[in-house]
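Novice: Mind docking chain B on chain A? Use the hints.
Going down the list, the protein sequences come from chains A and B. Add 509 to a position in the first sequence, counting from 1, and you land on the number used in our numbering. Add 509 to a position in the second sequence, counting from 1, and you land on the number used in our numbering.
Be a bit skeptical, because a hint or two may be false.
Copies of the same chain look alike in the list, so a pair counts if it fits in one copy or across any two.
Derived DSBU-like pairs: lysine-lysine, alpha-carbon spacing no greater than 30 Å straight-line [said to hold, decoys possible]:
id : residue 1 : residue 2
1  : Lys559    : Lys633
2  : Lys743    : Lys721
3  : Lys721    : Lys633
4  : Lys743    : Lys633
5  : Lys721    : Lys595
6  : Lys743    : Lys595
These are computed hints drawn from the structure, not numbers from a lab. The model shown is predicted, which means the values in this text are computed figures rather than measured ones.
Number of protein chains: 2
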Amino acid sequence: MLCLQLVRVSLSASKFSTALPLAPISRVVPGTSRLRSSMAAYSTLSQSSKLLFRQLFEKESSTYTYLLADVLHPNKPAVLIDPVDKTVDRDLSLIQQLGLSLVYAMNTHVHADHVTGTGLIKSKAPDVKSVISRASGATADLYVEHGDKVSFGDLFLEVRATPGHTVGCVTYVTGDASDQPQPRMAFTGDALLIRGCGRTDFQGGSSEQLYKSVHSQIFTLPKDTLLYPAHDYKGFAVSTVGEELQYNPRLTKDEETFKNIMANLNLPYPKMIDMAVPANMVCGIQSKPT
Amino acid sequence: MLCLQLVRVSLSASKFSTALPLAPISRVVPGTSRLRSSMAAYSTLSQSSKLLFRQLFEKESSTYTYLLADVLHPNKPAVLIDPVDKTVDRDLSLIQQLGLSLVYAMNTHVHADHVTGTGLIKSKAPDVKSVISRASGATADLYVEHGDKVSFGDLFLEVRATPGHTVGCVTYVTGDASDQPQPRMAFTGDALLIRGCGRTDFQGGSSEQLYKSVHSQIFTLPKDTLLYPAHDYKGFAVSTVGEELQYNPRLTKDEETFKNIMANLNLPYPKMIDMAVPANMVCGIQSKPT
Numbered sequence: 510m511l512c513l514q515l516v517r518v519s520l521s522a523s524k525f526s527t528a529l530p531l532a533p534i535s536r537v538v539p540g541t542s543r544l545r546s547s548m549a550a551y552s553t554l555s556q557s558s559k560l561l562f563r564q565l566f567e568k569e570s571s572t573y574t575y576l577l578a579d580v581l582h583p584n585k586p587a588v589l590i591d592p593v594d595k596t597v598d599r600d601l602s603l604i605q606q607l608g609l610s611l612v613y614a615m616n617t618h619v620h621a622d623h624v625t626g627t628g629l630i631k632s633k634a635p636d637v638k639s640v641i642s643r644a645s646g647a648t649a650d651l652y653v654e655h656g657d658k659v660s661f662g663d664l665f666l667e668v669r670a671t672p673g674h675t676v677g678c679v680t681y682v683t684g685d686a687s688d689q690p691q692p693r694m695a696f697t698g699d700a701l702l703i704r705g706c707g708r709t710d711f712q713g714g715s716s717e718q719l720y721k722s723v724h725s726q727i728f729t730l731p732k733d734t735l736l737y738p739a740h741d742y743k744g745f746a747v748s749t750v751g752e753e754l755q756y757n758p759r760l761t762k763d764e765e766t767f768k769n770i771m772a773n774l775n776l777p778y779p780k781m782i783d784m785a786v787p788a789n790m791v792c793g794i795q796s797k798p799t
Numbered sequence: 510m511l512c513l514q515l516v517r518v519s520l521s522a523s524k525f526s527t528a529l530p531l532a533p534i535s536r537v538v539p540g541t542s543r544l545r546s547s548m549a550a551y552s553t554l555s556q557s558s559k560l561l562f563r564q565l566f567e568k569e570s571s572t573y574t575y576l577l578a579d580v581l582h583p584n585k586p587a588v589l590i591d592p593v594d595k596t597v598d599r600d601l602s603l604i605q606q607l608g609l610s611l612v613y614a615m616n617t618h619v620h621a622d623h624v625t626g627t628g629l630i631k632s633k634a635p636d637v638k639s640v641i642s643r644a645s646g647a648t649a650d651l652y653v654e655h656g657d658k659v660s661f662g663d664l665f666l667e668v669r670a671t672p673g674h675t676v677g678c679v680t681y682v683t684g685d686a687s688d689q690p691q692p693r694m695a696f697t698g699d700a701l702l703i704r705g706c707g708r709t710d711f712q713g714g715s716s717e718q719l720y721k722s723v724h725s726q727i728f729t730l731p732k733d734t735l736l737y738p739a740h741d742y743k744g745f746a747v748s749t750v751g752e753e754l755q756y757n758p759r760l761t762k763d764e765e766t767f768k769n770i771m772a773n774l775n776l777p778y779p780k781m782i783d784m785a786v787p788a789n790m791v792c793g794i795q796s797k798p799t
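Only chain A is shown next, with the shape it has when bound in the complex:
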C-alpha cells in the first residue's frame, strides 16, 4: 500500500493564514494504478550550477528556441539555438535582463517553416556570430562540422551530423564531462521530434539517412539524455533517449518500415518553404555575414 499524506504544516505568518489543525491527515490510496508501464523513468532536470537554460516558444510555427549560458563565468556568455525572426526582440530583451553576453546565434539546419532570427539578431547586436553547419550550404559567420565543439564559458556543445531531414542538419549535445550538465541535453532540430521526426521529402532529405543519423548519433547517447527538438505540435517540451527508444512510433521500427512510413506521409507542400528557405540560406536576409 502506498501511503500519501496531506499534512498541515505551519508556513510563515500571513494575513491569509487560518487556524490550522496540526495533526497530520493521512490518506491511503491504492498502490496499484491503471496508469503503469514497465519503463524506467528518469529525473528530467539536468543538474548544473553553471547552466542557465531557457526554452522559448514561437506559437505560429510551433518552434522552440533555446537559450543556454554559463552564469558562473564573469561574462555570462550565452548561445541561442534556432531563434525565430518574429521573436528576436523578446529573446534579446530576456538576454539583456538576465545580464548575459550573447556570443553565438546557432541554427540546427536551414528551416523551411519560419525565417531564422540570426540575421536580425546580428543587425541589433553586431558582435554576435551566426553559426550553421558547413554541409547546409547556407551563409553564416562560422561553419561547424561533425565533431566540432562550440564553447561558451566553461560549458560546451558537441556537434553531431544528423542529416536526413535536410542534408545539413546537426544535433548540438552538451559536453560529456563531469563539469558539464548531467544528464546531457541534445538539441535535435528536426532530426528527432518527440514521438516523431522531421519529414524527408525536400531539401536533400533522405529517410534512409535520417534513420541512420538518429540511430547512430542520438539513440547511442545515454538513455537519460534530455531531448529538446526544434518543434512540438502537441504541447510536449522535452523527452529522453530512453523514451524515444521505447515509444517513438516511427524510429522504433526497422529501417524498411520506417522508409515506408516516411514515403507515405502525404504531407502538404510547406506553406512557407519558398520564402523561408531562400531567406535562411543567407541568415534570414537581414544579415551580411563578414
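Specialist: Chain B only, in chain A's frame:
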C-alpha cells in the same frame, strides 16, 4: 577579453564523420556586449535526483499543465497541476508511458478560460483524487488550505493562499528541505505570470489582495525559486523570483500604482467564462466526486 573556442573534437566513428583538423580554432570575441544588465542570473534547472518534471502546453488557452513525480519511490507517485480537458488523453498517455502512478489532479484555482481536466481524468482513472482549495468553493475530492502539505512519495508541495485573481487561488511550492528540489519551484497559477499577473475584475478578484498575496507569499521565496505560471502568451516557460522582483512591469510598482494599472486594463469579457466557471466548480462537469 573573453576567449570563446570553437574546437574540433573526436566523436564516435560515424559514416558522417569527415576528416577533422585537430588543432583548436580559438576565436576572440569582444568582452563587452550591448546585451548586458546588472542582474544576478540564476541557474534555472532545479536539482533533484527524485523529481521527474514535465511542463505541458495547451495551445488554444495557452495553459501550462505540470507533471511532477517521485521516480525514486517504488510506485513513482505523480501529481498533475492544472490539467486541461482537451489534453487529458495526451497527459494520461505520457503518465502511463513513464510508468507513473497518478495520485492527485490538482487545480491552482477555478479557471475561467478552459475546462479543467480533473473530472475527465477521474472518469478514466477513478483512483485519482481531485484537489482544489477550500476557499474556491468548488467541488473536489480533497480541499487544501494555506499551510497544507501535499505529499507524493518523498516529495511534497506546500500550499500558499494567493487570492486576488480569484478568491480561492493557491500557489503550490516544492518543499523547503534538503531532500527536496533545489532551487524551489512555485506553481503560481494566475496569481503571478511571467512579467505579468492574472486579471482581478471577476470571480471575487481584488487587486489589493493580489498585490499582498504576491508580495507576502511569492516574492518572499528565495530569489532563485523557479516560477511556473498557469499561462504564458509570449512563449516564456519559466521565470524566477529574482527576475520578477526586478522586471515584472506591474508588481514592481507600489500598491496604489498597481491598483490603478489593474483598474484600467480594459480587458474584454472572457469568452469562455460563462461555460468554464460553472463546469470548473464541479471538477469539469464529468466528475461526481465522492
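Novice: Now look at each hint and say whether the structure bears it out.
Specialist: Taking the hints in turn, this is what the structure says about them:
no.: 1; hint: Lys559 x Lys633; verdict: within (27 Å within a copy, 42 Å between copies)
no.: 2; hint: Lys743 x Lys721; verdict: within (26 Å within a copy, 36 Å between copies)
no.: 3; hint: Lys721 x Lys633; verdict: neither (39 Å within a copy, 39 Å between copies)
no.: 4; hint: Lys743 x Lys633; verdict: between (33 Å within a copy, 20 Å between copies)
no.: 5; hint: Lys721 x Lys595; verdict: neither (33 Å within a copy, 36 Å between copies)
no.: 6; hint: Lys743 x Lys595; verdict: both (21 Å within a copy, 11 Å between copies)
Checked against the numbered hints given earlier, the structure breaks hints 3, 5 and satisfies all the rest.
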